[in-house]
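Novice: Below are the chains, spelled out letter by letter.
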Amino acid sequence: MARRAVLLGALALGLALPALAALTGLDYGVGVATRILIFALAGLSLNLILGYGGMVSFGHAAFFGTGAYVVAILSQHASLGEPLVTWPIEIGGTESALIAWPLAMAVAGLLALAIGAISLRTGGLYFIMITLAFAQMLYFFFVSLEAYGGDDGLSIWARSTAGPLDLSDDVQFYYLVLALLLIVLALKARLVASRFGATLAGIRDNERRMAALGFPTYRYKLAAFAISGALAGLAGALIANQTEFVSPSFLDWQRSGEILVVVILGGMGTLYGPVAGAVAYLLLEEVLSQWTQHWMVVMGPLLVLVVIFARRGLWGLVERESPDGGGSRD
Amino acid sequence: MTEPILDVRGLDKTFGAVRACDGVTLALDPGELHAVIGPNGAGKTTLIGQLVGEITPDAGTVRFRGQDITGLPAHARAARGLARSFQITSLFPRLTALGNVALAVQAHAGHSFRFWRPAAREAALIDPARTALAQVGLADRAGTRAGALAHGEQRQLEIAMALATEPRLLLLDEPTAGMGIEESARMIALLAGLKGRVAILLVEHDMDAVFALADRITVMVYGRVIATGTPREIRADAQVRRAYLGDEEIGDEEEIRGADEVAP
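Quick note, the sequences are listed as chains A and B, same order.
No gaps in the numbering here: position 274 of the first sequence is 274 in my numbering, and each next residue is one more.
No gaps in the numbering here: position 72 of the second sequence is 72 in my numbering, and each next residue is one more.
Keep in mind the hints are simulated off the structure, nothing from the lab.
Note that CB positions come from ideal geometry on N, CA and C, so glycine has one too.
One or more of the hints may lead you astray.
To be verified - Under 10 Å between C-beta atoms, here's a sample of chain B residues computed to sit facing chain A:
1. PRO73
2. ALA79
3. ARG80
4. ARG84
5. GLN87
6. PRO93
7. ALA102
8. HIS111
9. PHE115
10. PRO118
11. ARG121
12. GLU122
What the hints assert, rightly or not - Label pairs and their computed distance ranges (CB to CB):
13. B:PRO30 - A:LEU303: 15 to 23 Å
14. A:ARG190 - B:GLY143: 33 to 41 Å
15. B:VAL18 - A:ALA310: 44 to 52 Å
16. A:GLY123 - B:GLY10: 27 to 35 Å
17. A:LEU185 - B:PHE113: 17 to 25 Å
18. B:GLN87 - A:LEU185: 41 to 49 Å
19. B:ALA124 - A:LEU80: 30 to 38 Å
20. B:GLU3 - A:PRO102: 26 to 34 Å
21. A:ARG190 - B:ASP127: 53 to 61 Å
22. A:LEU125 - B:GLN67: 45 to 53 Å
23. B:THR144 - A:GLU286: 27 to 35 Å
What the hints assert, rightly or not - Stretch-level coverage of chain A by chain B, calculated; a stretch enters the list once three of its residues show a Cβ under 8 Å from a Cβ in chain B:
24. 189 to 198
25. 239 to 253
Using the sequences and the accompanying hints, generate a full structural model.
Specialist: Listed below in structure tokens is the structure:
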């Protein structure tokens, strides 16, 4: 079966990539691949609400960027030895991934809960606009946050520490990101097939019917939105570690657009679509931007073609009718 | 007398200059099959919308099983045992027939904040869904996508989904709409089989169906209830004949079609 072959091939390539990069002397390839995996994770998080829940959020970078800032701010306090909070108890910063990354997820998740609680009162175009508005508010919040670099952003002295792993080593960091992505993929596969996933797909396909059946649809949408925000926060924590720098541009609406493109290009409502989308989008960016800085001139038409001819995106070409698409049952 | 399962009093709803519902009062006894008829524009759909919680009435109350549910949202009413079918078929076309009914079962099998077990393999959802499908005669269509079912079968599936929620009251909005004679007959037989087991409020244009099935009939014209009674009483009601059917005899399908067209 083509699907199985593609998946196994992708996994093998993913595992062998650092060795291949070393062999061919393209060492920077590991960094590019890490970035791709992180964007795949961000795409996966958006796809949960966009593809499976039918919620078009145009402000996903808010959660992504917030996760990145949480790691950066904690790291700055730790490296300067300044406490983060002095009252009522003193809490210092940290460079530990085991604390900072879950915290990034929690903060992003709570933020999504708050934004979602308001945004999900609306629907359709209003939902797109209100999520965009919230993200821009957050963008300007970080622009004005002078203590943490304001407009200029914030450099991170060192990557997070994670037990025996040395994340400053690009290869080890790459494998950690790959492992996290695989874990999230596995969890998402379970979630999509569960009662919660079936509920979410039902709301996407026919929300009015779901309410008539007795589902309090708002609650399920909000839960999905918060989970999605937390996952985006994890992706943000990873990107902060990779670039060792954060800035308000991480929360820019263009970043939200990029994550949307990753999902749409790869295939909305498919499990592996965002991974395929991230690979295609970032590789094209990598290659085309070496020719011209106007690489969007090529990317734009390509996206149009995919949307017209492959409605389930790139992954839809591999997998005709996916069992994970509609939460279908036999 | 037993307490009515549904007790609607003085329901008013105005859209701009149109009084879609004007002091609508009606009551259903447990197990009763109560039909609401009236020409197009009589306010039947507005009435249904207010009963299921999709339209907020300007005035009046809806009591269901002794509780005031006038301010409750649709999902909370459904959770209390009020199930509905839609005038225009409303399904999950990508899911199989069984998947559609399984979702309906799931709606009443506790909360759905369950993230781990595959729902498609949960016997607690699948078995009752198969039972409901069998009840409406769709057992052999379980694996077919809802979108690929024939129109009549989709209407049957709607009923199966409503039944799967183990309702106390079924609100059926024109279950035979768009059906051929044969499909209609099958639906009427299906409803006759349900009669007495669950209270049913039936909005229907097919007068044969109404007069064959209903225990009582409420007639609406221009947003008002002009008569309520047994089929025999309604047939004999002079006001109904004047306002709704001209002076022709009720109970014959051709003149009803005619009445629809005459109505504004």
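Novice: Hint says 33 to 41 Å; check whether the CB-CB distance for A:ARG190 and B:GLY143 agrees.
Specialist: violated (24 Å)
Novice: Against chain A, with CB atoms and a cut of 10 Å, does the hint on B:ALA102 hold up?
Specialist: holds (6 Å)
Novice: Given the hint of 27 to 35 Å, check if B:THR144 and A:GLU286 actually sit that far apart at their C-beta atoms.
Specialist: violated (46 Å)
Novice: Given the range 44 to 52 Å, decide if the beta-carbon distance of B:VAL18 to A:ALA310 lies inside it.
Specialist: The hint (44 to 52 Å, Cβ to Cβ) holds, given that B:VAL18 and A:ALA310 are roughly 47 Å apart.
Novice: State, for the Cβ atoms of A:GLY123 and B:GLY10, whether the hinted interval 27 to 35 Å holds or is violated.
Specialist: Between A:GLY123 and B:GLY10, where Cβ atoms are some 32 Å apart, the hint holds.
Novice: Let me know if the C-beta of B:GLU122 comes in closer than 10 Å to any C-beta of chain A, holds or violated.
Specialist: It holds, given that the least Cβ distance between B:GLU122 and chain A is near 8 Å, below 10 Å.
Novice: Does B:PRO93 pass the interface check with chain A, least Cβ-Cβ distance below 10 Å?
Specialist: holds (7 Å)
Novice: Do the beta carbons of A:ARG190 and B:ASP127 sit within 53 to 61 Å of each other?
Specialist: violated (22 Å)
Novice: Do three or more residues from the segment 239 to 253 of chain A put their C-beta atoms closer than 8 Å to C-beta atoms of chain B?
Specialist: With 0 residues in contact (Cβ-Cβ under 8 Å with chain B), the coverage given for the segment 239 to 253 of chain A is violated.
Novice: Any CB of chain A closer than 10 Å to the CB of B:GLN87?
Specialist: violated (12 Å)
Novice: Measuring from the C-beta of B:PRO118 to each C-beta in chain A, is the shortest one below 10 Å?
Specialist: holds (4 Å)
Novice: When the nearest CB of chain A is found for B:PHE115, is that gap smaller than 10 Å?
Specialist: holds (5 Å)
Hint compliance for this structure: hints 5, 13, 14, 19, 20, 21, 22, 23, 25 are not met, and every other hint is.
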